[in-house]
Each structure stands twice: as structure tokens, then as C-alpha cells.
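Kindly generate the complete structure, drawing on both the sequences and the hints.
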Amino acid sequence: MPELLADIISILGGTLRLATPLILCAMAGLISERSGVIDIGLEGKLLAGAFAAAAVAYLAGTTTAAQIGGEDGHWIGLDAETLASILNSAAPWLGLVAAIIVSVAFALIHGFACITHRGEQIISGVAINILAAGLTVVVGHALFAKGGVTPDLTSGQTFGAVTLPGAETIGTVPILGPLYEKLLSGQNLLVYVALFAVVIVSFLLYRTTFGLRLRAVGEAPAAVDTAGISVPWLRYRALIIAGTLCGIAGAYLSTGHGAGFEREMSAGKGFIALAAMIFGNWRPGMALLACLLFGFLDTVGPRLQGLELPLIGEAPVALIPVLPYIFTVILLAGFFGRATPPRALGTPYVKEH
Amino acid sequence: MTPLPRWVEVGIVPLINLTLALIVAGLVIAMVGEDPFQAVWIMIKGVYEIPGSFGYTLYYATNYIFAGLAVAVAFQAMLFNIGGEGQAMLGGLGIALVCLALDPYLPGFLVILLAIGGAALFGALWALIPGWLQAYRGSHIVITTIMFNFIASGLLVWLLGGILMSDGQGSPQSRFFAEAAWMPRIHDILGALGIQTAKSPLNFSIVIAALACVGVWVLIWRTKFGYALRAMGHSEPAAEYAGIPVRRMIVVAMLISGGLAGCMALNIILGDQHKLVLNFSAGYGFTGIAVALMGRNHPVGIVMAGLLFGALTQGGTELDFEFTSITREMVLVVQGLIILFSGALAHMFVPWLIRIFANRTMGHA
Numbered sequence: 001m002p003e004l005l006a007d008i009i010s011i012l013g014g015t016l017r018l019a020t021p022l023i024l025c026a027m028a029g030l031i032s033e034r035s036g037v038i039d040i041g042l043e044g045k046l047l048a049g050a051f052a053a054a055a056v057a058y059l060a061g062t063t064t065a066a067q068i069g070g071e072d073g074h075w076i077g078l079d080a081e082t083l084a085s086i087l088n089s090a091a092p093w094l095g096l097v098a099a100i101i102v103s104v105a106f107a108l109i110h111g112f113a114c115i116t117h118r119g120e121q122i123i124s125g126v127a128i129n130i131l132a133a134g135l136t137v138v139v140g141h142a143l144f145a146k147g148g149v150t151p152d153l154t155s156g157q158t159f160g161a162v163t164l165p166g167a168e169t170i171g172t173v174p175i176l177g178p179l180y181e182k183l184l185s186g187q188n189l190l191v192y193v194a195l196f197a198v199v200i201v202s203f204l205l206y207r208t209t210f211g212l213r214l215r216a217v218g219e220a221p222a223a224v225d226t227a228g229i230s231v232p233w234l235r236y237r238a239l240i241i242a243g244t245l246c247g248i249a250g251a252y253l254s255t256g257h258g259a260g261f262e263r264e265m266s267a268g269k270g271f272i273a274l275a276a277m278i279f280g281n282w283r284p285g286m287a288l289l290a291c292l293l294f295g296f297l298d299t300v301g302p303r304l305q306g307l308e309l310p311l312i313g314e315a316p317v318a319l320i321p322v323l324p325y326i327f328t329v330i331l332l333a334g335f336f337g338r339a340t341p342p343r344a345l346g347t348p349y350v351k352e353h
Numbered sequence: 354m355t356p357l358p359r360w361v362e363v364g365i366v367p368l369i370n371l372t373l374a375l376i377v378a379g380l381v382i383a384m385v386g387e388d389p390f391q392a393v394w395i396m397i398k399g400v401y402e403i404p405g406s407f408g409y410t411l412y413y414a415t416n417y418i419f420a421g422l423a424v425a426v427a428f429q430a431m432l433f434n435i436g437g438e439g440q441a442m443l444g445g446l447g448i449a450l451v452c453l454a455l456d457p458y459l460p461g462f463l464v465i466l467l468a469i470g471g472a473a474l475f476g477a478l479w480a481l482i483p484g485w486l487q488a489y490r491g492s493h494i495v496i497t498t499i500m501f502n503f504i505a506s507g508l509l510v511w512l513l514g515g516i517l518m519s520d521g522q523g524s525p526q527s528r529f530f531a532e533a534a535w536m537p538r539i540h541d542i543l544g545a546l547g548i549q550t551a552k553s554p555l556n557f558s559i560v561i562a563a564l565a566c567v568g569v570w571v572l573i574w575r576t577k578f579g580y581a582l583r584a585m586g587h588s589e590p591a592a593e594y595a596g597i598p599v600r601r602m603i604v605v606a607m608l609i610s611g612g613l614a615g616c617m618a619l620n621i622i623l624g625d626q627h628k629l630v631l632n633f634s635a636g637y638g639f640t641g642i643a644v645a646l647m648g649r650n651h652p653v654g655i656v657m658a659g660l661l662f663g664a665l666t667q668g669g670t671e672l673d674f675e676f677t678s679i680t681r682e683m684v685l686v687v688q689g690l691i692i693l694f695s696g697a698l699a700h701m702f703v704p705w706l707i708r709i710f711a712n713r714t715m716g717h718a
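Protein chains in written order, with our numbering: chain P, 1 to 353; chain G, 354 to 718.
Treat the hints with care, since some could be wrong.
What the hints assert, rightly or not - 25 Å max Cα-Cα, derived DMTMM-like pairs, lysine to aspartate or glutamate:
| hint | chain 1 | residue 1 | chain 2 | residue 2 |
| --- | --- | --- | --- | --- |
| 1 | P | 146 | G | 589 |
| 2 | P | 146 | G | 675 |
| 3 | P | 146 | G | 673 |
| 4 | P | 351 | G | 589 |
| 5 | P | 146 | G | 671 |
| 6 | P | 182 | P | 3 |
As the list claims (entries may be wrong) - Simulated coverage check for chain G against chain P, where a stretch passes if three residues somewhere in it have a Cβ under 8 Å from a Cβ of chain P:
| hint | region |
| --- | --- |
| 7 | 380-388 |
| 8 | 449-457 |
| 9 | 494-504 |
| 10 | 560-567 |
| 11 | 668-680 |
Claimed, not checked - Residues of chain G clear of chain P, computed beta-carbon distances all greater than 10 Å:
| hint | residue |
| --- | --- |
| 12 | 360 |
| 13 | 402 |
| 14 | 474 |
| 15 | 521 |
| 16 | 574 |
| 17 | 598 |
| 18 | 599 |
| 19 | 700 |
Since the hints were made in silico from the structure, they are not lab data. Cβ atoms here follow ideal geometry from the backbone N, Cα and C, with glycine treated the same way.
See the structure below:
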């Protein structure tokens, strides 16, 4: 019995950890697309964010007083020693900020092309993905001369696990105790941020004026415009939020779940998040469930290696990562349920004169 | 659409956009601490100076031409086929199935002919489902083709890790095809004619690509089907009103598009690798979008853009050799910038150009 419980906890924990970047990116895509802007650049922003986080966390984490130079370091009134120790201890946070800045910058390029210049949103998204794949390696190699990989990060340069209050005491309670101690508690800080982001996004969309306008601009931008509200500014804000969320997701990949950046480390997660968003019918709660489902498939897949199934023979484990995409296509085909995208999705708004 | 003289629209606008992309790429090179002008010089030298490098350029260009044609045909009907990657992978699978099954029994040229059919057929079928779903179920073709890229990739991982894996090898690839069934290399063909050229992976597929260009031109601009397709691209409701079977046209356009993307595998798998491997499409399917955009969806433009991208890719490999601080991914940066500036931001300068040229045209009138 305890073994089964341990297995369940380990699978659910894995699900949560693998779903985290999906959740953040799906929320990003959702905000962007509810405002009417297609975002297939999630993948690129995630990758760029992951690189920025790891690079800055490493640089900040390894800064020494000698590098800052001088005894005085007078420009902010701190001596080099103190400044270096601040940089060292704030490394993961500085990485996170860098990830958000870079990811938002990409989102703004998307906005500049699609909102300001009414360019094709798909093409802009493709450009962002390719640019991110190229720039992360080019800049990474220029900085660290390791072929696009950042040096491994130490634990001080990454986000650690968070122990929720009373985890150890409650952990002694049978069944529920371990669930609290090992599943709810002890996850990476950014895992909690991701779950919190779902709450924030839902609240923002359904409980604020901004959310109401955001949803309206994705359905009938002309109506929003008639009400005297700026369509471009609303959409830009949506893209900035999306960029922020993708940046956090990137930081999670390289400084939370992992410890360092590798080329192509996003590995299609941005696209799975896109699938999850569609699967969740552009709704936060449903998208969260879809992300958890896809994270679950990802966790369980490798465990089924070599398992003999009746009739089929050996489990086709290699095909399990493909299931999210197949599910999404079936859903899009409308054979069960129906995917209903925002009505104005993908069409640039042209103000009438 | 725009009130610009045609030569400005076809010549000046793409040139400005390309220049901007290259300037930004130059800034990136300067940022990583190298001299952009020297980089350009090395890339240019990389295309003509080293023996065989011109062959490499044409080899890469062949991929880009197939990918660009695939995007362009679908785009004539305002369909975004960004599933070129997956369709190329399936094309490779089609080739592999033909070769692995038949190369011990049939003469080489027959296997090659069947493999060409296999590549086109499998690529087309992989585009059929998203096309059909778009036409009859209203599923967004961009999303379904993205999903199909990943499904194709998973399918190949599964097959090459299992039943198609060559015996005695731990890595996910098929056995080599019989040598008689390899697509003939151009330097071998020329050698047989008594012309000595440097060795390169350039193979007969480039001739097939050229034929495909002619075929696409005839199809789009010289047939009733092409006329209907272009009419659809201008206005779907109008086309429907004119009695064009829009849904069937979408499916057929996607079949042709997928078939062209599948043919990319002829160049890579049958022409160069001679075995089925993973991830051989290497992003060509996506870059095809840039090629089609720059080539304005016309075969002549696509050939020119394909050559440019081929040269960029070959030159990028040279950058990798010459500079320690630049990797070949610089080519991706350039490609991304070109897609951004000549695709998404294509009309950034149009209002500005209209102001310059509209006066002149009025003066003439």
C-alpha cells in the first residue's frame, strides 16, 4: 500500500512539474488569443525566456567583487563586495526578470507587426520561433563559447523547492499526510506561480473591466472601438501579459525544473501549450485541465516502456508524446465537443473613417 | 491592391525589406563582436570559392524550392500550409517504404521512379487530412498542420526505433538503400558526360524541382483549376457564388501542396542520406514560408529566393568554420529576420512609398 501511494505521488508530482511550463504558456496564448491575436510564437518566447533566465542567472551568480572593480563602486553607493553578494544571491530573480523582459520584447515585435502594421499573425509567429531558435544559440555561444549551451547552474542560481508550513508534522498523518508533504508541498516555487497564474488570468478575464474589454475585442473589435476604447492598446496589453507569462515559463525550464540552458530546450512545449489552450476551448480552467492531462501523458509515457499490453503487444511508448496533438486534431474536427475560437481571431482591426 | 507602380511593388518593396533584415542581422553579428562586412565577404566566398560549395548551394536551394512551392500553391487559395515539415517527413517515409521493400528485386531506375511517386503520395496524404478538416469541418488549417508536424515526427521516431530500424544498429535509422536506387548525383552524371566537377550532394532532384516549378506555373496560371484557385484566394464567397466547388478545391490544393513538400525528401533522403533518418526536414518546411513570401508565390520568384536561401545556408556553414564566435545558427537569425521583415512587416514602408510614387504617377496621368 505505501508503495502504491508513493507511486501515485511520484506520478502526480511529475505531472505537475511537466505541466507547469504548459500551464504558463497556455495562459499566455489564451490571453493573447482572447484579444484576437493568434500566438503561435509561444514556443519562441518560451525558448528565448529560458535562455535569458539561465544566462543572466549564471552571469549574476558568478559575478565577483573583482569584476565589479574598485573599492568604491560609488555609482549606487555600495562597495563592490556588497554589490557582488547582492547579485549572487539575487541571481535566479535577476534571471527571471531578464526572461520576462526578453519574452515581452518578442511579444512587442509580434504586436508591432500584427497590431500596428496589420501583418499576418501566423507569419510573425513563425518568424519569432525561428529568430528565437537562432538568437539563443548565437548569443549563447558568443557569451559562453559552449556551442549555445549555458554553463550548469548551481543551486544558488536556480529556484528551489518550497516547503509549505507544517509539511513535516502533517506528513505523519496516513495517506493524506504524504500527499500534502510530498505533492502539495515541496514543489518548485515557479510551479506555484503557474497555478496562481491560472487564478489571476481567470480573475482578470471574467471579473475585471479590463477582462471584459479584452474578451470583447477578440469577438467584436468594432464595438469596442465604437465605445471609445483603443483596440490596439488593449491588444498590446494582452501581448505584454502573454510575454510575461512565457518569460516565467522559460525561467522555469532553465532555472527551476532544469539548471542551465540547452539549445532547442523548449522542445515543442509551446506548441503543446497551444494545443492545450485549444483543447480547453480558450478557457483558463479547461486549459489547466488539458495541460495537466498532457503533463500526465508525458510522465506516464516513459514508465510504460517495455510494458506488454493485451492484443497490442509492447506498448508503443514512442507514440505517447504524440497523443496531445492527436486529441487536439480530433477535437478541432468537431467529432466530440466543439472548439470555438474568438470570432475576431487572426483578423487585424482596421479603424473605419 | 496598393496604388504603387508594379516595378516598385515587385522590385523595390522586397528589396527594402531584405535590406532591413540584413542590416539587423549585421547588427547581431556586430553585437557578438565580429565584423559584419567581413562576415558577408566570407559568406560570399563560401558560395563560390571552395570546390563543391556551389553544388552545396544548389542542393540546399532544391530543398527551399520544393518547400517554397508547397507553401505557394496552398497560399494561392489563402491557405497556410505550415505543415511542410511533417509532409516532408512522410515523403521520406514513402521513399523508404518503396526502397526497403523493392530495391532487392527491381532495377534501380524503376525503384527511383516508384520512390518519387511514394514521396509525392505520402506527402500529399499527410496534407489531405488537414485539408479535408479545413474544408468540411472548419478546423483551422494552421493549427492542424502544426499538430501534424509533431504527429509525423512521433511516427518516424516510433517506426525508426522499431520495425524500420536497421539490424545491428542502435540508432534510429533505416538500412541503406541499394546503391542502384540512389538518386544520381550531378557530378556523377556530368562525369559520365566527360565534364569534371567537384563532389557535392547535389543530385537529380534539382531537375525534378525545376520541372515542378514549370508544372506549378502551368497549373496556377494556365489552367482552369489554377484560375479557380486564384479566384478563391481573392474572395472565397465570390468564388463560391461563381460556382467554384470551394471545398473540393481546398482539398486538392492541399494535396498538391503536400505532394510538393513530400518531394523535398527526394533531395535529402534519396539524393543524399540514402537511408531514412530522423528530423531530416530540419526546418526547411518553415523556411519555405519565407521563400514563398520573398518569391511572391510565383515559381520564378521562388527559384530566386530559393537560390538566395541556399547561398545563405552554405555561406552560414562557412561562417561557422571561419569565426569562433559565430555558429551556423546565424543563418536561422537571418531567415527569421527575413520572414519578419518581408512577411509580417511587408507593408511597413508601403504608405511611405505611396507618398513618393503616387505624385509621380499622377504627374504622368
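Here is how each hint holds up against the structure:
1. Proposed proximity of residue 146 of chain P and residue 589 of chain G is contradicted: the alpha carbons are some 51 Å apart, above 25 Å.
2. With a C-alpha separation of about 16 Å, the suggested pair residue 146 of chain P and residue 675 of chain G falls inside the 25 Å cut-off, and the hint holds.
3. Between residue 146 of chain P and residue 673 of chain G the CA atoms are separated by roughly 13 Å; this keeps the pair inside 25 Å, and the hint holds.
4. About 23 Å separates the Cα atoms of residue 351 of chain P and residue 589 of chain G, which keeps this hinted pair within 25 Å; it holds.
5. Between residue 146 of chain P and residue 671 of chain G, the direct Cα distance comes to roughly 19 Å. Compliance with the 25 Å bound is thereby established for this hinted pair.
6. Between residue 182 of chain P and residue 3 of chain P, the direct Cα distance comes to roughly 14 Å. Compliance with the 25 Å bound is thereby established for this hinted pair.
7. Coverage of a stretch by a chain is defined here by at least three residues with a beta carbon nearer than 8 Å to that chain's beta carbons; for the region 380-388 of chain G and chain P the count is 4, and the condition holds.
8. Under the rule that three or more residues need a Cβ within less than 8 Å of chain P, the assignment of the region 449-457 of chain G is violated, with 0 such residues.
9. Coverage of a stretch by a chain is defined here by at least three residues with a beta carbon nearer than 8 Å to that chain's beta carbons; for the region 494-504 of chain G and chain P the count is 8, and the condition holds.
10. For the region 560-567 of chain G, the proposed coverage by chain P is not satisfied: 0 residues have a C-beta within less than 8 Å of a C-beta in that chain, short of the threshold of three.
11. Here the region 668-680 of chain G counts 4 residues with a CB under 8 Å from a CB of chain P, which clears the bar of 3, and the coverage holds.
12. With 10 Å as the threshold on Cβ separation, the claim that residue 360 of chain G sits away from chain P holds: the shortest Cβ distance comes to roughly 23 Å.
13. For residue 402 of chain G, the requirement that its beta carbon stay farther than 10 Å from each beta carbon of chain P is met, with the minimum near 24 Å.
14. In this structure residue 474 of chain G is separated from chain P by more than 10 Å, as the shortest Cβ-Cβ distance comes to about 21 Å.
15. At the 10 Å boundary, the C-beta of residue 521 of chain G stays outside the reach of chain P, the nearest C-beta of that chain being 20 Å off.
16. Every beta carbon of chain P lies more than 10 Å from that of residue 574 of chain G, the smallest distance being close to 23 Å; the non-interface claim holds.
17. Consistency note on residue 598 of chain G: stated as away from chain P, and its beta-carbon is indeed over 10 Å from all of that chain's, at 21 Å minimum.
18. With a closest Cβ-Cβ approach of about 19 Å to chain P, residue 599 of chain G is found to remain outside the 10 Å limit, as its non-interface label requires.
19. With a cut of 10 Å on Cβ distances, residue 700 of chain G falls inside the contact zone with chain P, its closest approach being about 6 Å.
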